[in-house]
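Residue numbers (the working numbering), protein chains in the order written: chain A, 408 to 611; chain B, 276 to 530; chain C, 14 to 88.
Hint data in this document are derived by calculation from the structure and do not stem from the laboratory.
Since the model is a prediction, treat every value here as computed from it, not as a measurement.
Backbone N, C-alpha and C define an ideal beta-carbon position, used for all residues, glycine too.
There may be inaccurate statements among the hints.
With a Cα cut of at most 30 Å, we get these calculated DSSO-like pairs of lysine-lysine [as the list claims (entries may be wrong)]: (1) K569/A / K603/A; (2) K20/C / K416/B; (3) K523/B / K416/B; (4) K557/A / K540/A; (5) K469/B / K487/A; (6) K589/A / K569/A; (7) K487/A / K523/B.
Among the chain C residues that face chain A by a calculated CB cut under 8 Å, a handful are [as the list claims (entries may be wrong)]: (8) F45; (9) I65; (10) V87.
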Amino acid sequence: MANTTETHGEAAAAAEGAAQPADAGHATTATTEAGHGAEAHGAFPPFDLTTFPSQLLWLTIAFGLLYMLMSRVALPRVGKIIDDRNNRISGDLAEANRLKGESEAASAAYEQALAEARRNAAAIGQKARDEAKADADAERARAEAEVSAKVVQSEKAIAASKAKAMADVGGIAVDAAEGIVKSLVGGAVSKADIEKAVKAALTR
Amino acid sequence: MAAAEDRVDPIHQFHINDLFDLGTFGGMKFAFTNSALFMFVAVGLVFALLYFGSSSRSMVPGRLQSVAEELYSFIRNLVHQTLGEEGMAFFPFIFSLFAFVLFTNFLGLIPYFFTVTSQLVITGALAVFIILMVVVVGFAKNGVGFLSLFVPHGVPGALLPFISLIEIISFLARPVSLSLRLFGNMLAGHIVLKVFAGFIVGLAGLGIGGWIGAIGPLLMTVAITALEFLVAALQAFVFAVLTCVYLKDALHPHH
Amino acid sequence: MEAEAAKLIGAGIACIGMGGAGIGVGTIFGNFLAGALRNPSAAQGQFTNALIGAALAEGLGIFSLVVALLLIFVV
């Protein structure tokens with residue numbers, strides 16, 4: 408290094424400038440500028456105080472511009488897209504949930520209607536069965552009554568014909584006995600006696 | 276300077292050149308420099324990405340829109356996780372900070388492009404602004420209660436002055452470490468890249484044997500370039516995260 | 014000894030500090046990985062903290078680099 412004292416001062420200023428570039432830069436630039444003009448290439452560029460004011464100026468402008476553009480224009484645009492998408496997705500999800508609820512309600516209603524129909528069908532079937540059974544029972548009862556009436560009638564007829572037959576048998580037997588007696592004995596036997604005898608034989 | 280004229284000077288890339296002079300005001304020289312040019316390039320790129328990325332407004336994002344939305348949600352989640360709902364007012368600031376640092380870092384990795392964040396005055400100004408904002412927001416939100424940041428809980432009374440002193444020093448060291456970290460990472464990365472690239476040039480000048488030997492530094496340069504991309508993104512992220520952490524102290528000094 | 018040589022030696026000594034940063038960053042990520050392998054489900058939420066810790070540790074190493082650069086280029 409050519410002039411040690413001056414570069415020493417610059418180092419201290421640079422270290423100070425690192426902590427407080429805004430203030431330190433201003434004060435020391437004027438003093439170091441003269442020494443730097445000659446060996447501008449030699450200084451370590453990041454510690455070169457002569458460049459600090461313009462860098463700070465442009466940093467302020469550039470970063471301020473970036474902040475303005477970001478906060479006013481760019482970020483709301485991107486944020487709006489993302490929010491729109493999130494809203495759309497949550498809206499679609501809500502719609503899907505609503506439709507799902509509707510379809511579930513419809514399904515429940517269908518199930519209910521089905522159960523109702525099943526119950527009705529069972530009731531109708533039961534009723535038809537009951538009616539048929541009642542009809543059949545009535546028919547059977549009627550048929551049975553008819554049959555039993557016929558049986559009674561027949562029994563009566565049988566009994567009548569039996570009685571008549573019995574009576575006829577008695578008469579025939581008396582006639583036969585009278586004939587037999589007449590031809591065997593040849594005498595006259597009273598009809599009353601014969602009847603008495605036949606009756607006795609028949610009842611025996 | 277140690278670097279001889281025929282070798283590649285690793286420091287040359289950090290030189291600030293005046294593109295056009297604006298004159299001297301109050302003893303200070305103002306000029307539109309290459310540093311300023313790349314600041315505006317970065318600002319323009321960030322704005323273009325977000326503006327054209329959001330111009331189609333489609334429900335299913337395209338490529339550009341995905342990048343813009345990813346960037347947006349990434350920082351939004353970061354701010355929301357660290358600062359909570361009340362911290363969302365700082366979201367545009369944190370986003371601008373992250374995008375600015377990220378894009379200037381990435382721009383610096385393109386050959387012949389200037390790295391804005393390798394200038395201590397830039398990172399220093401950002402860090403000092405952040406810390407001043409922390410102090411202002413802290414006093415605005417909590418009043419004198421902000422000072423409880425320097426008084427940790429459960430410290431015995433005799434130790435309290437020392438602990439408070441250490442806390443104050445650590446608070447004041449924050450802008451220094453915040454700015455030096457970004458500055459140092461960018462500076463060191465670019466110097467290392469340039470040194471390895473210089474080896475290639477130096478070896479290639481030795482003839483055919485040197486050409487073969489130059490393959491080693493070439494591969495190294497490629498690998499370091501990849502590492503520098505990681506570092507560029509990581510440092511931008513760390514810068515944004517630490518800003519959030521410091522702002523959290525301003526919003527909730529009792530922790 | 015020449016002043017120039019002393020500056021370069023000092024810069025070299027200052028850069029030893031970066032080794033400490035390397036140890037620190039390695040410890041952080043090594044422990045993070047060890048913890049992540051034991052409980053992978055909790056690892057995602059702590060990755061940011063690991064990065065912050067690594068950045069803080071690395072920053073101290075960067076300080077020594079800055080000291081070295083100051084010695085070479087400024088003093």
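Comparing the hints with the structure gives:
At roughly 21 Å between alpha-carbon atoms, K569/A and K603/A fall within 30 Å of each other, so this suggested pair holds. Restraint check for K20/C and K416/B: not satisfied, since their Cα atoms lie roughly 48 Å apart, outside the 30 Å limit. Annotation: proposed proximity of K523/B to K416/B holds, straight-line Cα distance about 11 Å (limit 30 Å). Using a Cα cut-off of 30 Å, the hinted pair K557/A and K540/A holds, with the two alpha carbons roughly 25 Å apart.
As the CA atoms of K469/B and K487/A are separated by approximately 44 Å, the hinted pair breaks the 30 Å bound. The straight-line distance between the Cα atoms of K589/A and K569/A is roughly 29 Å, inside the 30 Å bound, and the hint therefore holds. Proximity of K487/A to K523/B is assessed by CA-CA distance (about 26 Å); at most 30 Å being required, the pair is judged to hold. The interface hint given for F45/C is broken, as the beta carbon of that residue sits about 31 Å from the closest beta carbon of chain A, more than 8 Å.
Checking I65/C against chain A: minimum C-beta separation of about 22 Å lies over 8 Å; hint violated. With its C-beta approaching chain A no nearer than about 4 Å, V87/C sits inside the 8 Å limit, and its interface hint holds.
When held up to the earlier numbered hints, the structure conflicts with 2, 5, 8 and 9 and fits the remainder.
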